[in-house]
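Peer 1: Keeping the supplied structure of chain Z fixed, place chain H upon it in accordance with the hints.
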Amino acid sequence: MTAARVALLGNPNTGKTSLFNRLCGTRAKTANFPGTTTSARIGHARVDGIQSLEVLDLPGIYELGLKSPEARIVRDVLSGEDRAHYPDAVIVIVDAANLARNLVLVGELLTKGLKPIVALNMIDVAARRGWTIDASALSKRLGVPVIPMVVPRGLGVDQLRATLGQVLAKKDIGSLFSNPLANIYDPVALAESVMTGQPVADALTERLDRVLTHPVSGLLAFFAVMAGLFWTLFQLAAVPMDLIDTTFAALGSVVTTYLPAGPIRDLLANGVIGGIAGTVVFLPQICFLFFLISLLEDTGYLARAAFVMDRFLRPFGLPGHAFVPLLTSHACALPGIMAARLIPDRRDRLTTILVAPFMSCSARLPVFALLTSLLFVDNLFLAGLAFAGCFVLGAVAAFMSALLFSRTIVKGRARPMILELPSYQVPSIRNALMTARDQGLSFLKTAGTVIMAICVVMWWLSAYPKATPPAEAVALRAQAATAAPAEAEALVARADALQAREQQTQSFAGRMGRAVQPVFAPLGYDWQLTVGVLTSFIAREVFVSTMAVLASDQSGGDAKGVIAAVRDMPRDDGTPVLTRATAASTLVFFVLAMQCLPTLAVTRRETGRLRYALLQLGYMSGVAYAAALIVYQALRAAGVP
Amino acid sequence: MSLPPVRPVALSSLPTGAHGRVHEPLLDEESTSLLHALGLSVSRRFKLCKTGEPCIVQIGATRIGVSRAVAARILVVPDGPGGA
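First to last, the sequence lines map onto chains Z and H. Under the working numbering, the residues of the first sequence are numbered 1 to 641, in order. Under the working numbering, the residues of the second sequence are numbered 642 to 725, in order.
Simulated from the structure, these hints should not be mistaken for lab results. Source: prediction; values computed, not measured. Check the hints yourself; a few may be wrong.
[Claimed, not checked] When the alpha-carbon atoms are kept at most 20 angstroms apart in a straight line, the in silico SDA-like pairs for lysine to any residue are as follows:
#: 1; chain 1: Z; residue 1: K466; chain 2: Z; residue 2: V272
#: 2; chain 1: Z; residue 1: K67; chain 2: H; residue 2: L668
#: 3; chain 1: H; residue 1: K688; chain 2: Z; residue 2: E206
#: 4; chain 1: H; residue 1: K688; chain 2: Z; residue 2: A201
Only chain Z is shown next, with the shape it has when bound in the complex (with noise of 0.2 angstroms):
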């Protein structure tokens, strides 16, 4: 046989993705499965005498009539109704501590005149708990191979990979399959038929779910373990994030330094390389966000995690598994939004991926900061004040909106929680790596060639069409020209500065903002300042230095520094570009904005439907917009300048 496929499938904590590890290694590559946004995991294998072994993993799944997504794509498979994924065999992974339960799904397949082979995994659990399994007894009665497994430890791997052989060779296959001998429709009794053993009290579980689970000491674990999860995150992704930072700027610099100038130049120095490193910068956080998920996941947490939670996130429609996404998004929202795979619920999913970006993230941080002393100049304390007050409007726009939509646009009954609590175990190393390289290429792959375009586009539209330099800049750099070196340099600084500020106006990006300036009157914003939100589209924190390049023909170069430089900004009649009004509308403006096209794009990828993608678009905007204006016109009624 040259070409083959096997599917994988299985009750989910039965260490499905674990096997599927075993036999494809690092061979696998994740696609989605036809018509839903459900991720198949593809890979590899090598067994004798199949050239080309395809392994398909299939979702977790408890019965194959269960009416959820997951079992649907699993029926569909199987039955050939997806034409691109019907496998030639199938092996179904059993966990032996838990064998009634999972005998439901073999149960079924049997039903349905599949013939699996049985990989009977967790053995060493089961005999931890004081069973032993007859898998020969099991075989018989079950009519198909049944393959003791311990998969971690790899054990069992090279007999399923040889009984497999042996199955998609049609070899022999009589020794392996006969008609079952037992009642396949009592799973408990077929299970209590191969079972010897006296059952020994799991105490370290009992233990650990009084504690965990516990309202008081389960919400002291759980913050103790988010802090720990998310200390670690920044920690290690600090480091090849500068070191991305570093190594695009210095091959800018390169390009810049051996290219002469021009478009050429300027698309590749700024809008390619601008656009690799504004997509690759993300990949550190999503990689080791997803290894350090994964670790958690494996050891049987996250399952109490979510009950913790859940009595405080069910009242605005949100699930308990909704606080990791949450949570996440403070530090950015891109990998906020991919965490919410961990939500099952699909309707839950949704909800918690459109309002995730209303979190505060560390892209808003510059803007606050610029905007928050613009606003308390003398008072730090009141600028640190509203500051907080910034993450604390972002949790609650979040949270209301999230009972909004549930009540609205993703309206249906809530799912009630009823959740397997798998046993507690050390996770696997192996496997976290693994999710954390699919994840990270997922990502590449898909939302990274489209942020990069998005990039490439806004870095366009602020950079054509050229300007003609000023004449006071032409000026400038004449007198730079027969000026001592100290004094050229300050003239050249001022020229370049001139120039900057007359692209800003010329660009496409400032002509739109002098066309849209009526549209944000009502906030009190000037030419400027709309220039300013609509270039923070790239991403929040380039407002600051659109600002900053704006504000730096009246700042008489580096002098004044960003933030006074800006404070100074006249509008067109004189009077100041940023009031104290201005200062707070534009401050809530962005605390609730959706300025980031990146994440635009992974919700549209994550939900598998544009519409949802536009609808956070437009939703926060009109947020943003109602509430600047609101507050704006608040401060003006109440005399503040």
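Peer 2: Then chain H, alone, in the frame of chain Z:
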């Protein structure tokens, strides 16, 4: 003389450590199917490991967590005089 049969009660009303059998889950079809798939089906024997939020039930070696609201809608027959 035989003891009168024990009347079904809500799972949430049992004390920690109680044993019993599932009588009837008064839940929607999807939740009932999920409980069934997890092993908590009519007549299955269980042990209540923890009460409150969540309520933790053990069937065989499977531990299932259900919210208090769900536990209140699962009718069970506790072990005991006339019940076991």
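Peer 1: Compare the structure with each hint and give your call.
Peer 2: Structure-based check of all given hints:
1. Proposed proximity of K466/Z and V272/Z is supported: the alpha carbons are some 18 angstroms apart, at most 20 angstroms.
2. As the CA atoms of K67/Z and L668/H are separated by approximately 15 angstroms, the hinted pair is consistent with the 20 angstroms bound.
3. A distance of roughly 12 angstroms separates the Cα atoms of K688/H and E206/Z; the hinted pair therefore holds under the 20 angstroms criterion.
4. As the CA atoms of K688/H and A201/Z are separated by approximately 12 angstroms, the hinted pair is consistent with the 20 angstroms bound.
The structure shown violates none of the earlier numbered hints.
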